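> What follows is each chain in one-letter form.
There are 2 protein chains.
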Amino acid sequence: MPLPRQVFIAVIGAGGVGKAFLSQLSQVSSNLSRSTSAPTYVSLILLSTSKKSIYHADYKPLNNWHAELEASATPPLPLPELAEYLVKAPGKVVLVDNTSNQDVADAYPTFLKKGISIVTPNKKAFSGSYQLWRDIFSAAGNGSGVGGYVFHESSVGAGLPVISTLKELVETGDEVLKIEGVFSGTMSFLFNSFQPLGGGGGKFSAEVKTAKEKGYTEPDPRDDLNGLDVARKLTILARLAGLEVGSPTSFPVQSLIPKELESCSSGDEFLSKLPEFDGQMDELKAGAEKEGKVVRFVGSVDVPKGEVKVGLEKFDKSHPIAALKGSDNIIAFYTKRYGDNPLIIQGAGAGGEVTAMGVTGDLLKVLRLL
Amino acid sequence: MPLPRQVFIAVIGAGGVGKAFLSQLSQVSSNLSRSTSAPTYVSLILLSTSKKSIYHADYKPLNNWHAELEASATPPLPLPELAEYLVKAPGKVVLVDNTSNQDVADAYPTFLKKGISIVTPNKKAFSGSYQLWRDIFSAAGNGSGVGGYVFHESSVGAGLPVISTLKELVETGDEVLKIEGVFSGTMSFLFNSFQPLGGGGGKFSAEVKTAKEKGYTEPDPRDDLNGLDVARKLTILARLAGLEVGSPTSFPVQSLIPKELESCSSGDEFLSKLPEFDGQMDELKAGAEKEGKVVRFVGSVDVPKGEVKVGLEKFDKSHPIAALKGSDNIIAFYTKRYGDNPLIIQGAGAGGEVTAMGVTGDLLKVLRLL
Chain A
1 MPLPRQVFIA
11 VIGAGGVGKA
21 FLSQLSQVSS
31 NLSRSTSAPT
41 YVSLILLSTS
51 KKSIYHADYK
61 PLNNWHAELE
71 ASATPPLPLP
81 ELAEYLVKAP
91 GKVVLVDNTS
101 NQDVADAYPT
111 FLKKGISIVT
121 PNKKAFSGSY
131 QLWRDIFSAA
141 GNGSGVGGYV
151 FHESSVGAGL
161 PVISTLKELV
171 ETGDEVLKIE
181 GVFSGTMSFL
191 FNSFQPLGGG
201 GGKFSAEVKT
211 AKEKGYTEPD
221 PRDDLNGLDV
231 ARKLTILARL
241 AGLEVGSPTS
251 FPVQSLIPKE
261 LESCSSGDEF
271 LSKLPEFDGQ
281 MDELKAGAEK
291 EGKVVRFVGS
301 VDVPKGEVKV
311 GLEKFDKSHP
321 IAALKGSDNI
331 IAFYTKRYGD
341 NPLIIQGAGA
351 GGEVTAMGVT
361 GDLLKVLRLL
Chain B
1 MPLPRQVFIA
11 VIGAGGVGKA
21 FLSQLSQVSS
31 NLSRSTSAPT
41 YVSLILLSTS
51 KKSIYHADYK
61 PLNNWHAELE
71 ASATPPLPLP
81 ELAEYLVKAP
91 GKVVLVDNTS
101 NQDVADAYPT
111 FLKKGISIVT
121 PNKKAFSGSY
131 QLWRDIFSAA
141 GNGSGVGGYV
151 FHESSVGAGL
161 PVISTLKELV
171 ETGDEVLKIE
181 GVFSGTMSFL
191 FNSFQPLGGG
201 GGKFSAEVKT
211 AKEKGYTEPD
221 PRDDLNGLDV
231 ARKLTILARL
241 AGLEVGSPTS
251 FPVQSLIPKE
261 LESCSSGDEF
271 LSKLPEFDGQ
281 MDELKAGAEK
291 EGKVVRFVGS
301 VDVPKGEVKV
311 GLEKFDKSHP
321 IAALKGSDNI
331 IAFYTKRYGD
341 NPLIIQGAGA
351 GGEVTAMGVT
361 GDLLKVLRLL
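Top line first, the protein sequences correspond to chains A and B. Here the first sequence is numbered in full-length UniProt numbering, starting from 1 and rising by one per residue. Here the second sequence is numbered in full-length UniProt numbering, starting from 1 and rising by one per residue.
No lab work stands behind these hints, which were simulated from the structure alone. Check before you lean on any hint, since a few could be wrong.
[What the hints assert, rightly or not] Which bits of chain A does chain B cover? Going by a derived footprint, with three or more residues having C-beta under 8 angstroms, they are:
#1 157-171
#2 317-327
#3 340-352
Since the structure is predicted, the reported quantities are computational estimates derived from the model, not experimental observations. From the three backbone atoms N, C-alpha and C, an ideal C-beta is built for every residue, glycine too.
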């Protein structure tokens with residue numbers, strides 16, 4: 001019977017994903033500690049939001065984080081001090097970054113080099129400069145016993161097994177030819193409503209408003225419509241497939257923000273003027289309809305050609321991308337081994353619970369490897 | 001810089017999957033040995049078919065297995081002697097069972113207890129008696145440092161990430177409500193041809209003949225039509241979801257072999273008489289067509305009710321199961337977190353290369369954990 005072991009967890013971010021993760025963590029912890037083979041105790045030793053933080057100098061676990069955070073007046077630790085605090089913990093440490101903060105992402109190489117492992121849904125770490133990507137993965141030991149591990153399943157498709165599947169295709173020697181899909185829950189919802197398979201659908205600007213009201217868009221819908229979120233996900237997948245993509249703006253990305261509205265000073269002004277451009281979108285829809293097709297906002301990577309692109313495309317009504325429902329994502333991997341019919345993964349690609357699930361799943365993987 | 005490490009691999013089975021695996025292994029090995037972090041050398045030390053085997057008493061690697069196997073006159077080692085040979089190897093050992101042999105499966109607990117890890121697509125190990133399932137997983141240490149690891153992704157859906165996804169849903173605390181899908185490439189091909197979405201399709205017996213000619217069925221197509229292969233896969237998934245399924249015959253499984261033909265003495269006799277029953281299948285098809293549906297051969301697990309079943313069902317033409325192509329598999333996980341729209345995985349679920357990919361992927365996981 002091996003000795004029980006303790007792993008320390010530090011969490012940054014307590015928004016929708018952060019809270020869902022903390023709840024999954026407490027559930028998972030009790031299973032781990034009851035495990036008959038190699039019981040593991042995970043201790044939450046730090047929790048930080050953008051405004052405050054909780055932690056104890058003696059690494060005493062935060063068993064009641066909710067109340068402690070409420071009561072706390074401690075500001076967040078600056079990143080270098082955070083690293084120092086964690087590296088002195090009396091055991092292995094996993095940093096869970098549930099933010100979408102670029103500064104935290106930029107500090108990953110520092111944490112990893114100190115042997116701290118990282119699990120995160122933070123796209124910015126893997127879709128920014130190619131230099132940061134290289135720094136992260138050269139700092140990560142991933143098994144060498146030197147640097148920490150880094151896992152980021154939820155940075156694309158939330159809890160869907162997209163990144164693990166792509167990595168396995170590559171590592172087992174398959175040749176990935178093309179990756180194609182709908183990578184944004186917002187864009188999925190918008191176009192499934194704007195041009196549903198069965199016909200009908202409202203004006204584009206009205207669908208944007210509905211999506212915002214339902215909470216499917218960012219507070220400012222332009223942050224979805226500019227295509228950058230999808231471009232970041234494509235950057236990650238293309239890099240995993242072996243392409244040295246410089247940044248999410250180094251390939252063609254179609255923005256759905258009309259040129260004339262780029263200068264709007266607020267999201268509200270933008271939304272009030274968007275109906276003026278419904279005619280263009282209606283034309284697009286009618287054109288697709290004439291060919292028996294539907295319009296969808298997709299991203300694709302052509303690996304042999306080294307081409308990445310993001311934007312509107314037309315799909316046959318029998319195509320799996322056309323048949324998507326609600327705000328689901330769909331990701332198709334065309335590979336040498338899979339031949340004509342791609343390996344497809346489909347389902348909710350956004351939301352606190354499913355995003356947190358990808359993070360919790362990654363944490364379990366790290367715990368097994370540590 | 002950590003020291004390079006050596007892991008010994010023993011392979012049973014050199015059929016379609018076995019040969020594809022050996023080819024992937026040689027590709028993967030050279031990547032592993034070139035890895036800058038923790039280079040790993042994998043040495044093939046034993047290869048065994050049903051008729052002969054190759055291995056060296058001093059564990060010298062088989063660098064040219066093809067020629068050595070050809071030249072060998074050594075019979076396969078009996079399983080207890082195989083275990084003894086492997087346990088004395090000067091390092092960690094992974095046994096790759098690329099057979100569908102029940103005797104090998106029955107010996108897994110013995111291997112695992114001795115610290116030998118197992119990766120395999122062999123369904124019989126996980127879909128036989130519940131006692132064997134329990135023996136395997138209690139012998140496996142899976143991290144405790146005592147028993148070996150056991151991974152079997154390819155036992156359901158070949159290389160598709162079905163088992164890893166289900167395990168992650170369960171381990172991260174999601175509630176799996178229903179698993180449903182097409183789990184057999186043969187059944188997929190048969191019904192996609194018998195009643196294609198666009199209408200048409202041949203007589204059922206003719207489609208069975210075509211499938212056999214194309215190599216999509218077992219040598220005796222009755223081994224597909226009896227539903228047992230699908231029942232085995234459902235047994236595995238139901239058990240992973242927490243149900244104590246006694247055996248693949250302990251729940252309703254619809255056989256497509258007409259009662260009157262159960263006594264046929266050969267596959268050829270069966271095929272010659274099958275056309276007499278085309279009328280029944282045509283009726284079924286017409287009935288579904290009238291409702292705007294198609295007939296498909298599916299398996300499902302209702303987890304809360306503890307119900308598993310395998311057989312023909314009708315699906316709306318807009319259902320993803322109806323839209324399946326070629327010989328693809330589709331697996332839908334309905335869970336609490338994923339809500340109305342299930343997490344779906346789809347693609348080729350049979351074939352040497354993709355099955356071997358699941359095995360190679362599992363091997364890489366074990367190598368990281370060892």
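> Hint by hint, where does the structure go against what was stated? Just the numbers, ascending.
As far as the earlier hints go, not one is violated by this structure.
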